[in-house]
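One letter stands for each residue in the lines below.
Protein chains: 2
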Amino acid sequence: MVIPETFFAERTSLLKASEIRELLKWVAEGGIISFGGGMPSPATFPRQQIIEAITEGISEHGDKLLQYGTTQGLNELRSELKNFMEWRGINVSNVDDIVVLSGSQQGLDMFGKVFIDEGDVVLMELPAYLAAINAFKLYDPEFVGLKMDDDGIIMDSLESVLKELKSKHKKVKFLYTVPTCQNPTGVTLSVERRKRLLELASEYDFLIIEDDPYSLILYEPIDVAPLKSMDGEGRVTYLSTFSKILSPGLRLGWVLADARLIKKFVLAKQGMDLCTSPLLQYIAYVALKRKVIQENLSKIRGLYKTKRDKMLEALETYFPEGCKWTTPIGGLFIFAWVPERVNTKELIQDCIKKYGIAYVPGQSFFVDESGTNTMRLNFSYPAMDEIEEGIKRLGQAIKERL
Amino acid sequence: MVIPETFFAERTSLLKASEIRELLKWVAEGGIISFGGGMPSPATFPRQQIIEAITEGISEHGDKLLQYGTTQGLNELRSELKNFMEWRGINVSNVDDIVVLSGSQQGLDMFGKVFIDEGDVVLMELPAYLAAINAFKLYDPEFVGLKMDDDGIIMDSLESVLKELKSKHKKVKFLYTVPTCQNPTGVTLSVERRKRLLELASEYDFLIIEDDPYSLILYEPIDVAPLKSMDGEGRVTYLSTFSKILSPGLRLGWVLADARLIKKFVLAKQGMDLCTSPLLQYIAYVALKRKVIQENLSKIRGLYKTKRDKMLEALETYFPEGCKWTTPIGGLFIFAWVPERVNTKELIQDCIKKYGIAYVPGQSFFVDESGTNTMRLNFSYPAMDEIEEGIKRLGQAIKERL
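Protein chains in written order, with our numbering: chain A, 1 to 402; chain B, 1001 to 1402.
Just so you know, these hints were derived from the structure itself, not from any lab. Note that this is a predicted model, so its numbers are computed, not measured. Hints may be right or wrong, so weigh each one.
Derived pair list, reagent style DSSO-like, types lysine-lysine, alpha-carbon separation capped at 30 Å [as the list claims (entries may be wrong)]:
| hint | chain 1 | residue 1 | chain 2 | residue 2 |
| --- | --- | --- | --- | --- |
| 1 | B | Lys1168 | A | Lys171 |
| 2 | A | Lys170 | A | Lys264 |
| 3 | B | Lys1171 | A | Lys137 |
| 4 | B | Lys1263 | A | Lys137 |
| 5 | A | Lys310 | B | Lys1064 |
| 6 | B | Lys1171 | A | Lys82 |
| 7 | B | Lys1305 | B | Lys1064 |
| 8 | B | Lys1168 | B | Lys1147 |
| 9 | A | Lys82 | A | Lys264 |
| 10 | B | Lys1168 | A | Lys345 |
Chain A stretches covered by chain B per the calculated footprint, using a threshold of three residues with CB under 8 Å from any CB of chain B [what the hints assert, rightly or not]:
| hint | stretch |
| --- | --- |
| 11 | 110-122 |
| 12 | 247-253 |
| 13 | 260-267 |
Partial selection, computed: residues in chain A whose CB lies under 7 Å from chain B [claimed, not checked]:
| hint | residue |
| --- | --- |
| 14 | Thr12 |
| 15 | Leu15 |
| 16 | Phe45 |
| 17 | Glu60 |
| 18 | Ser102 |
| 19 | Gln105 |
| 20 | Leu138 |
| 21 | Gly271 |
| 22 | Pro320 |
| 23 | Glu321 |
| 24 | Gly322 |
Ideal Cβ positions, reconstructed from N, Cα and C, are used throughout, including at glycine.
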């Protein structure tokens, strides 16, 4: 029997293989220098502390940690997350405003589920985080892209967009942003723009989803605080993850939001996976309580700063004229523009087959399908010599196309 | 600012707190004998083996297990799952027909996402697994209930339903069933009916979702094989979980299906959580490979059989005339009918406040909202003396209402 297309829900036509995930497959197969993916360096995983936390957890609290847990998450962990966020300047009035997630990706799916009806307007950065685009897409919103420069979303441009939507009687559901060390560009929204964004959200009455995986992975001091810390109206839903500060293999994230939103999130999560593994939550609890995470940050920053600098230096040396790239103050990515006549989706074929090098073509990050001459380059995962060699080969591949 | 209802997607009006989850809260608060929930006994968790598997896993494969994994799941685990299912009589032609899930609940949400458009006909047992009803409900299907007796779904009744739907030109998307030791009734679909079900699925061209969490938790030998093992057409999607045979706190399940379906499942899961924790998957891999699970089964069966027998005996002793209940050959639940004039949703209030005893009122399990005089009783979690004492109190509460 061949199962016919008619058995599938209409929305499945929107399911598309993520290029990032496809890239992970190439990496797994080996032999290729990959700037694709967004993986932390395994050198940053605190292996021994994780073993100790689990051994202690199971020995002392096995009945609880190996059992079903509550949907909202382990109280001990949420209490530590409250402290952790307050250390970051975010006031948390109640631990019940926090829900632990099975990775922040689950949060993205949950936001789609809870907020998006077909045709709803969702504002996204140009370019935006690909996995967010794909997660929301399944709920069939109307994406509207927002222009960015080196200081993040351009506020005049946002205001024009909002005016135009209003004139068409279209209401914005939410704006999704990674304001600090953005994925894929690495740029950070300036303080002034953060203030203006919150004013506009209030004036035009929309919600903001602040996705904040990288704001502790900084290579230069900055004075910007999370949007959530400046949110006087409960408009900002704050999403973060343990993937970049502890380990992505634990699949742990969390969301902080207005109590009314949290209630819906908990009900939605109940249907999605009942609860996140209490055992994994316990690891994160111990890692926060004993400052394993806080102390590991300087190691992570030191390692990635060296890699970022190496990549910037290599780009300067090997990329041909007519290319440009961002200089991120933190995070895991550099975003590059090659000359307009080079299509990076075509270029990637040569790169893999001929040069043994991979990156993520940038077009998929743009909801308006622009960015055909862009690429995202990850510097946290590849080794130092791979960064030098890979950028050298990439430079050659670009030159060959010109 | 009060976030108005208009920010939420329409589907959120379908989000409802699960009574089972609410019950878990009461248990957590203590002091109540609970026959609610569906928790395994913590005495069955192989603590030491889990610690050893994790210690070994992180020490030897930390780079991989603490990193992002593939969406489809750890190859080693899927390979062991192939053997495990083949041991159960299910032929697995390719490990790529298996996807590891973050608990079987994720599978239920995924099936809703991949199969259900608004108004699609989904066939459910009367009564059916509550978490499946709730997961599917969010995708707004038309549920049609199927009558059951002590041998599971009544095939003549199913055929009438199918004929009627056909005469109305309504196509069935899928039938969801827990054919062995069903949740909530504990009944098992007979071999003859399994054959007939597959014939009808072929004749009326619908898919079957076989949810199989309990078929290894048997207290009496039976001769029924999983539906999937009898499936010559690829119509059966097989869902199972490690929750009852290893630990629910690991949040691990898996699905076996036709390659065409698997492709959609993988894309859907990508947007849902990228991947299931490789570290947790490694525990299940080791537990299967070293036969920890297989050897633990006799302990689980022995313990739960004693508890089931105790509950059956207590029901016989303490429940008033006019009550009846199922005698499950396995699984975690007994389903009971009290006299029709007793509404178990009203009764539960007395039970909790006055008698310190909890169960799940049965009505929520019925998609046609019948079953007002029914209750689900779990015997795997409460202690032996709690079973005796709890059923005694429950009997008193029922008598008081009569």
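Cross-check of the supplied hints:
{"no.": "1", "hint": "B:Lys1168 with A:Lys171", "in the structure": "violated (39 Å)"}
{"no.": "2", "hint": "A:Lys170 with A:Lys264", "in the structure": "holds (24 Å)"}
{"no.": "3", "hint": "B:Lys1171 with A:Lys137", "in the structure": "holds (27 Å)"}
{"no.": "4", "hint": "B:Lys1263 with A:Lys137", "in the structure": "holds (18 Å)"}
{"no.": "5", "hint": "A:Lys310 with B:Lys1064", "in the structure": "holds (25 Å)"}
{"no.": "6", "hint": "B:Lys1171 with A:Lys82", "in the structure": "violated (50 Å)"}
{"no.": "7", "hint": "B:Lys1305 with B:Lys1064", "in the structure": "violated (40 Å)"}
{"no.": "8", "hint": "B:Lys1168 with B:Lys1147", "in the structure": "holds (20 Å)"}
{"no.": "9", "hint": "A:Lys82 with A:Lys264", "in the structure": "holds (20 Å)"}
{"no.": "10", "hint": "B:Lys1168 with A:Lys345", "in the structure": "violated (49 Å)"}
{"no.": "11", "hint": "110-122", "in the structure": "holds (count 6)"}
{"no.": "12", "hint": "247-253", "in the structure": "holds (count 5)"}
{"no.": "13", "hint": "260-267", "in the structure": "holds (count 4)"}
{"no.": "14", "hint": "Thr12", "in the structure": "holds (6 Å)"}
{"no.": "15", "hint": "Leu15", "in the structure": "holds (4 Å)"}
{"no.": "16", "hint": "Phe45", "in the structure": "holds (4 Å)"}
{"no.": "17", "hint": "Glu60", "in the structure": "violated (10 Å)"}
{"no.": "18", "hint": "Ser102", "in the structure": "holds (5 Å)"}
{"no.": "19", "hint": "Gln105", "in the structure": "holds (5 Å)"}
{"no.": "20", "hint": "Leu138", "in the structure": "holds (6 Å)"}
{"no.": "21", "hint": "Gly271", "in the structure": "holds (5 Å)"}
{"no.": "22", "hint": "Pro320", "in the structure": "violated (33 Å)"}
{"no.": "23", "hint": "Glu321", "in the structure": "violated (36 Å)"}
{"no.": "24", "hint": "Gly322", "in the structure": "violated (34 Å)"}
The structure fails to meet hints 1, 6, 7, 10, 17, 22, 23 and 24 from the earlier list, while all remaining hints are met.
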